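**Q** Listed here are the chains, written in short residue letters.
Number of protein chains: 2
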Amino acid sequence: MKAKITITLKNGVLDPQGKAIEGSLKGLGFEGVTNVRQGKEIELTLDESDEAAARAKAEEMCRKLLANPVMENYAIEISP
Amino acid sequence: MKAKITITLKNGVLDPQGKAIEGSLKGLGFEGVTNVRQGKEIELTLDESDEAAARAKAEEMCRKLLANPVMENYAIEISP
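Line by line, the protein sequences are chains A and B. Going by our numbering, the first sequence opens with residue 1, and the numbers climb by one from there. Going by our numbering, the second sequence opens with residue 81, and the numbers climb by one from there.
These are calculated hints, taken from the structure and not from any lab test. These numbers were taken from a predicted model, which means no experiment stands behind them. Note that CB positions come from ideal geometry on N, CA and C, so glycine has one too. Where hints are given, some of them may not hold.
As the list claims (entries may be wrong) - What follows is a set of in silico ranges between Cβ atoms, one per label pair, in the way DEER data are often shown:
(1) B:THR125 - A:ASP50: 15 to 25 Å
(2) B:GLU157 - A:LYS2: 15 to 25 Å
(3) B:SER129 - A:ALA20: 21 to 31 Å
(4) A:LYS64 - B:ALA132: 40 to 50 Å
(5) A:ASN35 - B:ALA155: 37 to 47 Å
(6) A:GLU51 - B:GLU157: 20 to 30 Å
(7) A:GLU60 - B:ALA132: 40 to 50 Å
As the list claims (entries may be wrong) - Which chain B residues face chain A? A few, computed with CB under 7 Å, are given here:
(8) LYS99
(9) GLY119
(10) SER159
Okay, chain A solo, but in the shape it has when bound:
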């Protein structure tokens, strides 16, 4: 199974990378761009054939290593 894990900053957490991108876009002449937020996407292959088991494993990875639950949200998509 493949897992796609998207990690984003929680609302209210300052996002300096997003702000920098917003500033650069404005500098390049892009108008009307707001709320730029940058997150991470991690793709991996799991040696599991059961979707529920793969999802549980990916959740555990997020909790233990990939995401910081104080500041970040994560979403998991499982595909064959």
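Start from chain A and add chain B according to the hints.
**A** This is chain B only, laid out in the frame that chain A set:
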């Protein structure tokens, strides 16, 4: 319109961040995890009401600033 831009490394491009994550997951006892790749996700709000126009603008941003087309692929999702 909101745009969600996912930027991933092209196949064949070395991904040291992904390798580091893979190593850490193994160190924590997660077995059977392979092909770990890390990408970026950028969310932004565009001052456009037309989906095609918003997509064209997001594409231009990817080409001009957000992605490196030599090493990276990008995917754009537009939502209201």
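**Q** So, against the hints stated earlier in the document, which numbers end up violated here?
**A** Structure breaks hints 1, 5, 8, 10.
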